[in-house]
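The residues making up each chain are set out below.
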Amino acid sequence: MATQATAFRTCPVTGFRVHLPAQKLVIVNAVAGVLALTVGGILALLIGLTRWQAVHLLPADLYYRFVSMHGMTMLVFWMVFFEVAGLYFGSTVVLNARLVKPAIGWLAFVLMAVGAVLADVVMLVDKDSAIMFTAYVPMQASPLFYLGVILFAVGALVAVGLFFVTIVAAKVEGRHRGSLPLVTYGLVTAAIIAVFTLLGGAMAFIPTFLWSIGLMAQLDPETYRNLFWAFGHPAQQVNLAAMVAVWYTLATLTTGAKPLNEKLSRFAFLLYILFINLGSVHHLLVDPGLSSPMRIFNTSYAMYLAVVASMVHAFSIPSAVEVAQRAKGYKGLFGWLIHAPWKEPGFAALAVSMVMFGFIGGVTGVLQGMMQLNMLAHNTLMIPGHFHATVVAGTTVAFMGLSYYLVPLMTQKKLVGMAWARWQPYIYGFGLLLLISGMWLSGRMGVPRRSWDVFNFGGAPTFGTDAFNAASGTLALLGIGAIIAVIGGGIFVVIMVSTLLFGKKQQG
Amino acid sequence: MSLAPPQRVWWKPLGRTERLWVTLAVLWAVVLFLMMLVWGAVGKQDTPVETYRTTTQQFTAVTDEFVKNYQVGTDKGVPVVAPPPGGDAYLRASRWAWYPVLELKKGQTYRIHLSSTDIQHGFSLPQEVFSLNYQVLPGYIYVVTLTPPEAGEFPVVCNEYCGIASEKVGHHSMVGKIVVKE
Ligand code: HEM
Ligand SMILES: [Cu+2]
Ligand SMILES: [Cu+2]
Chain A
333 MATQATAFRT CPVTGFRVHL PAQKLVIVNA VAGVLALTVG GILALLIGLT RWQAVHLLPA
393 DLYYRFVSMH GMTMLVFWMV FFEVAGLYFG STVVLNARLV KPAIGWLAFV LMAVGAVLAD
453 VVMLVDKDSA IMFTAYVPMQ ASPLFYLGVI LFAVGALVAV GLFFVTIVAA KVEGRHRGSL
513 PLVTYGLVTA AIIAVFTLLG GAMAFIPTFL WSIGLMAQLD PETYRNLFWA FGHPAQQVNL
573 AAMVAVWYTL ATLTTGAKPL NEKLSRFAFL LYILFINLGS VHHLLVDPGL SSPMRIFNTS
633 YAMYLAVVAS MVHAFSIPSA VEVAQRAKGY KGLFGWLIHA PWKEPGFAAL AVSMVMFGFI
693 GGVTGVLQGM MQLNMLAHNT LMIPGHFHAT VVAGTTVAFM GLSYYLVPLM TQKKLVGMAW
753 ARWQPYIYGF GLLLLISGMW LSGRMGVPRR SWDVFNFGGA PTFGTDAFNA ASGTLALLGI
813 GAIIAVIGGG IFVVIMVSTL LFGKKQQG
Chain B
83 MSLAPPQRVW WKPLGRTERL WVTLAVLWAV VLFLMMLVWG AVGKQDTPVE TYRTTTQQFT
143 AVTDEFVKNY QVGTDKGVPV VAPPPGGDAY LRASRWAWYP VLELKKGQTY RIHLSSTDIQ
203 HGFSLPQEVF SLNYQVLPGY IYVVTLTPPE AGEFPVVCNE YCGIASEKVG HHSMVGKIVV
263 KE
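So the protein sequences, as listed, match chains A and B. Counting the first sequence from 1 gives a position; this note's numbering is that position plus 332. Counting the second sequence from 1 gives a position; this note's numbering is that position plus 82.
Looking at chain A on its own, in the form it has when it is part of the complex (with noise of 0.2 Å):
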């Protein structure tokens, strides 16, 4: 233990100088963001079983409410606490450096967390508050759940900020010279998405809130939902890029693999930066508003030139560590691949995550980002068939993975449940494929998401259709993968909790 005058560490596994006060808002927030993945996860479970039609499990109210808070508490309160935990480490320990100002990162904290409380506790006991996460006007929600988002918003951005004054300051005191390691500048190009992001997502919800206390007019549709994507959107690319640099940390760590060549990574992320935000109108492909030239400009160049960026890395992740192995002096054309350590936790989360959001994610995302195509799969569960690919079969993975490594680190414990650990990935993963096959496969019959019941319409429409029977099959599917998925999911949360509390301690 360093003295608290200096209040450093240094990590005797890695060497790195730990920041103590950076480490205990490391922790937290990764805390947080277990927490956030815990609530989302159960309801992920209920809301699954209830589109397995042959389940049904929920009433209409509560799976309406529980898509809501799902798709919230997952997609922006586990992502974004977390990838807060990653900024804080890639910009202290990474570099050596010290937070500049701890305070400051846990008023963000507290932002965050009120917010976060804030818009789920609304979602639950308000039904009328309850409009999905996108809440597109001229549905209203009370207030206090636009507050709760706006809280959060401005706490990430504070976070967001006290990154860049970090590493700035890492390099002013001369704690860190030459550039930055090519984690830390993926993780900084993710912060700079996240600043447009979040400015975006203040345009979208700060006349919204006004309007909701009736102190501005309504937004104009269309308008909302460009606002809304302009944030919607690049929040996937901050995830995307935090989840790229997670992909070269784990490579690193379980097989020792260095970029091959900094140059190209580097300049794949700075792709993500410049295109990824436009690509964004893809979410509006079938609005009414939009001329053809501005949406295949926008799905083509501006999208594709990221799709390019995704390649890139997709190349470079995988031969560094085909290098690494064959260091190692494992010949032939698949020894380095055999003889790859499936079973250490991060590498597997690597694999599951790069191969699945690759192939499941990056091909369903770029098809039906066709204009198109799009009119074939938009509002259908093909949708959340693709972003489970992408966001939780990727992204969630990674983080997951990158877990097993950062909690010990962080907290000087040894992972409880190492051999659940090396099957955790693959089981999600496994659940993940038949949640999202079933999805997509419904959604390609036309089934919509968002839907509580395809077959009989709440039991007395004025029209039915049988439109929906023949996707029973697959919408069992989805159902089944979703047990099994949470089950995966729920043994991460499982070992994040034991190593918190029961880890032994170990030397640091």
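Please keep in mind that the hints were generated in silico from the structure rather than gathered at the bench. Misleading hints may appear alongside valid ones.
[Said to hold, decoys possible] Derived coverage of chain A by chain B (criterion: at least 3 residues anywhere in the stretch with Cβ under 8 Å from a Cβ of chain B; other residues may be distant):
#1 384 to 395
#2 502 to 512
#3 682 to 696
#4 796 to 803
[Said to hold, decoys possible] Calculated from the model, a selection of chain A residues having no Cβ within reach of chain B, i.e. all distances over 12 Å:
#5 Leu377
#6 Arg658
#7 Gln744
#8 Met777
#9 Gly778
Ideal placement from N, C-alpha and C gives every residue a C-beta, glycine not left out.
Since chain A is already given, all that's left is putting chain B with the ligands on it; use the hints.
Chain B with the ligands in isolation, oriented as in the chain A frame:
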């Protein structure tokens, strides 16, 4: 190692395989881009782009007028309306119904004007494989040009969450109908 600062000079030229890979990725992006243009020119199905502004009062009035002029019957209390072949038809979304029921003729081309008079809804026409989906917003009219290729009864479901009144009535019960006659 990606957690350590890179060596002093890291802007090295790309390797051969890297160059090949990046080139292929860029070419593929170009192919996809061209596909959207080519399909727009030669394909028979495309995202409609004809849209115009309206107000909810105006759209309500226009649909009422349309129903008055062309009503041919009722189905479960909802007017059945047969627009002139090749002409304009109106379909109004509001919590929680599609109004009216449209009766179209196979092989004729119609211009279907879609809008909402309250909040956002989703127009979805499920087919055996895939479905046809458009966002429906109050204040905007979407003109979908459509030529039914076969006769039958087709449901229109709402696939944008639009609230619920009860278990029985709400977003999930918002199903309308289009009838196509020989
Ligand atoms: C155990 C894992 C998970 C399962 C089983 C699961 C399942 C589901 C289901 C069944 C839906 C509802 C689809 C519908 O009826 O429209 C859904 C929606 C959604 N999920 Fe998940 N999910 C999981 C994890 C996650 C995670 C980790 C995230 C984010 C990082 C996430 C983000 C979302 C979002 C944004 C929605 C859309 C909500 C909306 O339509 O407003 N899910 N999920
Ligand atoms: Cu509706
Ligand atoms: Cu609806």
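A quick look at each hint next to the structure:
Judged by the Cβ-Cβ criterion of 8 Å, the segment 384 to 395 of chain A is covered by chain B as claimed, because 3 of its residues qualify and three suffice. Chain B is given as covering the segment 502 to 512 of chain A, and this holds because 5 residues of the stretch bring a CB closer than 8 Å to a CB of that chain, at least three being needed. Restraint check on the segment 682 to 696 of chain A versus chain B: 0 residues with Cβ-Cβ distances below 8 Å, three needed, restraint violated. Counting residues of the segment 796 to 803 of chain A whose CB falls under 8 Å from any CB of chain B gives 4; the rule of at least 3 is met.
Residue-level check passed: Leu377 of chain A sits 21 Å from the nearest beta carbon of chain B, beyond 12 Å. With a cut of 12 Å on Cβ distances, Arg658 of chain A stays outside the contact zone with chain B, its closest approach being about 14 Å. Distance check on Gln744 of chain A: its Cβ is at least 19 Å (rounded) from any Cβ of chain B, clearing the 12 Å threshold; non-interface status holds. Against the 12 Å criterion, Met777 of chain A falls within the reach of chain B, whose nearest CB is about 7 Å from its own CB.
Not every Cβ of chain B is farther than 12 Å from the Cβ of Gly778 of chain A; the closest lies at roughly 3 Å, contradicting the non-interface assignment.
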